[in-house]
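Work the whole structure out from these sequences, hints included.
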Amino acid sequence: MKIIYLFVEGNTDKFVVESLLKRRLKYRNYVNEKDTPKLLSCHIPKYPGANGQLERRGIPSFLYKDDASILLVSANGKEQVCSAIRERLRVAELQFGIANEDISIAVVLDRDAEMNDEVIKSKLLKQAGNNRLVIEKDILTCEDVRYGFSLCIIPADRKGTIEKVVIDIASKIHPELTNEAGLYKKAIEEKEDYRKYRNKWASDPQIQSFYADKVQVGAISTVLKPDSSPGIMINDILITEMDIDQICELPSIKRIVQYLEDL
Amino acid sequence: MTGKLSLDTKNNRTLSNDRRQESKKDLDEGIESTVLLNRLLVDSFRGLKNAEFCKLNRVNYVVGENNSGKTSVLEALVAGGCYSDSRFFLDTMLARSQKMILEGVKNMLRPVGEEISRITITFSNGSTLKTELTCKERTEILQSDNKIKNKRLLTMTVNSIFGDGQLSEPKTFWVNFEQNDKKTFLRRDPSLEHKKKNRIPCQFVSFSRFDRTDKILEVLDGVFINNQREKLLDVLKIFDPNVVNFEVVGEDRQILVFGKDDHESDPLYLNDYGNGMYKAFYIACAALQATNGILLIDELEAGIHHRALVDFITYLDTISKKQNIQLFITTHSLELLDVARQTHHDGDMVVYKIKRGEGKSVVKRINHNDMDLLRGELGVDIR
Numbered sequence: 001m002k003i004i005y006l007f008v009e010g011n012t013d014k015f016v017v018e019s020l021l022k023r024r025l026k027y028r029n030y031v032n033e034k035d036t037p038k039l040l041s042c043h044i045p046k047y048p049g050a051n052g053q054l055e056r057r058g059i060p061s062f063l064y065k066d067d068a069s070i071l072l073v074s075a076n077g078k079e080q081v082c083s084a085i086r087e088r089l090r091v092a093e094l095q096f097g098i099a100n101e102d103i104s105i106a107v108v109l110d111r112d113a114e115m116n117d118e119v120i121k122s123k124l125l126k127q128a129g130n131n132r133l134v135i136e137k138d139i140l141t142c143e144d145v146r147y148g149f150s151l152c153i154i155p156a157d158r159k160g161t162i163e164k165v166v167i168d169i170a171s172k173i174h175p176e177l178t179n180e181a182g183l184y185k186k187a188i189e190e191k192e193d194y195r196k197y198r199n200k201w202a203s204d205p206q207i208q209s210f211y212a213d214k215v216q217v218g219a220i221s222t223v224l225k226p227d228s229s230p231g232i233m234i235n236d237i238l239i240t241e242m243d244i245d246q247i248c249e250l251p252s253i254k255r256i257v258q259y260l261e262d263l
Numbered sequence: 001m002t003g004k005l006s007l008d009t010k011n012n013r014t015l016s017n018d019r020r021q022e023s024k025k026d027l028d029e030g031i032e033s034t035v036l037l038n039r040l041l042v043d044s045f046r047g048l049k050n051a052e053f054c055k056l057n058r059v060n061y062v063v064g065e066n067n068s069g070k071t072s073v074l075e076a077l078v079a080g081g082c083y084s085d086s087r088f089f090l091d092t093m094l095a096r097s098q099k100m101i102l103e104g105v106k107n108m109l110r111p112v113g114e115e116i117s118r119i120t121i122t123f124s125n126g127s128t129l130k131t132e133l134t135c136k137e138r139t140e141i142l143q144s145d146n147k148i149k150n151k152r153l154l155t156m157t158v159n160s161i162f163g164d165g166q167l168s169e170p171k172t173f174w175v176n177f178e179q180n181d182k183k184t185f186l187r188r189d190p191s192l193e194h195k196k197k198n199r200i201p202c203q204f205v206s207f208s209r210f211d212r213t214d215k216i217l218e219v220l221d222g223v224f225i226n227n228q229r230e231k232l233l234d235v236l237k238i239f240d241p242n243v244v245n246f247e248v249v250g251e252d253r254q255i256l257v258f259g260k261d262d263h264e265s266d267p268l269y270l271n272d273y274g275n276g277m278y279k280a281f282y283i284a285c286a287a288l289q290a291t292n293g294i295l296l297i298d299e300l301e302a303g304i305h306h307r308a309l310v311d312f313i314t315y316l317d318t319i320s321k322k323q324n325i326q327l328f329i330t331t332h333s334l335e336l337l338d339v340a341r342q343t344h345h346d347g348d349m350v351v352y353k354i355k356r357g358e359g360k361s362v363v364k365r366i367n368h369n370d371m372d373l374l375r376g377e378l379g380v381d382i383r
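Sequence order for the protein chains is R and U.
At position 103 of the first sequence the residue is numbered 103 (my numbering), and the sequence of numbers has no breaks.
At position 300 of the second sequence the residue is numbered 300 (my numbering), and the sequence of numbers has no breaks.
Simulated from the structure, these hints should not be mistaken for laboratory data.
Since no wrong hints were added, every one of them can be taken at face value.
Part of the chain R face toward chain U, derived, beta carbon under 10 Å:
#1 Ile44
#2 Pro45
#3 Lys46
#4 Ile59
#5 Glu87
#6 Val91
#7 Glu93
Glycine included, each C-beta is placed from N, C-alpha and C at the ideal position.
Below, the structure is given as structure tokens:
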């Protein structure tokens, strides 16, 4: 069985990727620890500790289909991706005593403001070096053990983050709602009165526009699923409501679907 | 009964806060205990093969699945030279044997498929103690009363060499186990005692032996001699805040525990309390007798409720610092490891996870920072 540790930047990415894996590629969530391969189950948190800690952090998703199991991890930020990889390989190594080369590492990164894929890759290589990882082509080396490695950058067709993908999907299913939410976003993005809020997001206007996308997704989510987070809305409503083949043909999403199929 | 009872009701208080404050005070005063052992290398001893425990710390936890060799690590420390008298050494080597029969002894002492067990201990000052244990069996024919009998002999030879820059002369002693008429007798090298030159204070508390009353009394005598009764009272109060004193009473030397309400009811013997309190008392006695040495505790958590663990680990941490004791603790408990992570000072503790690998034992070292990440952040199971 293939074991894939799949790392994404944040929770919204995680919900989109998980939804695509389940709807398009027929992955399912493991529902019981005893059915889960040890290379995945070793990442199941055991809470609360004796300190009474109730806060759950960094819980990955555990998915499987016929010949593959995926540990889907949100790194909580682009800059944390390589440290998250290192941490998870350490957990696996502790479980088995030896590093397991059967694991493949997959990474999905947001494009943000950089259209050149090579620039994004070189930044990741630098981050890997800071975490004592070496990435060369399709191999990631950690503590002298080599793992298969692959990288996907989204959206494929333009600058932005995962929210661009979500907005693309929403505009196909709920065009009016997406349009209205877009006007709301525009107002937040342009009105002088809201500058004080925008400045809290980021100082760079281009980065502010990516945050504005989150505002639009939030507005759509509030209507479609008022009592849940945007992530839940993506998983429960957005991707299930539309024909998955149509979604997968969207230019912004086509590349990641192909990437997940090839894992 | 010895001495006059002194019932100190003023000291009958909730222990935890006091102990924690005391512990903090120790840190504030900058009390630093030194680490005695720095590295342990065990080859072909019981289930352990080429198991290396490097960068030992003041508090060392050993985790792993059943039959991974956790208890063997503790036993290897003793077999490797961490003992101050030969009886303790033999007691440890035979502790698992249910009955003194030659086959049992042979299986306990002889490593599987190997002729020699090798244990190397490196001390913090750079000196090393290398020990080799061999077991050989032979049969002798005896003739008495016109009858021919076979006597089976198992000889364990312990050969150790101490080096602190230059190697000293090797010291060797033997122990014979003789089986005759289905009875096994033990005979040891009469020169064994004086050959033990480097005496390391060591105590071993294991789940299988904690019910040995004679052992606990022996350790307790040492505590009385050193006038450390108050420190043991603190342990009893973790489990029963009403306890105000204890005494060894009667010809059969029972431990009687006095509570502040004893005018209303008779005091109880320590045996009448639960296993957790009994075991904690034994561990505390052993700790006080392991000053400037090492304390080995097998499955510390067994019998102790998780709420009492916090206070007890705090107590043990404080005592071990004050008495300069290096701790080696095996456990299956994630709760204990969480308590340990929060109790022991940063950089003071380390966890070794052992696993049987092909041809060698695999030992993974998890330091305090790793613990913070793996347990505190990711919440994963490190056992």
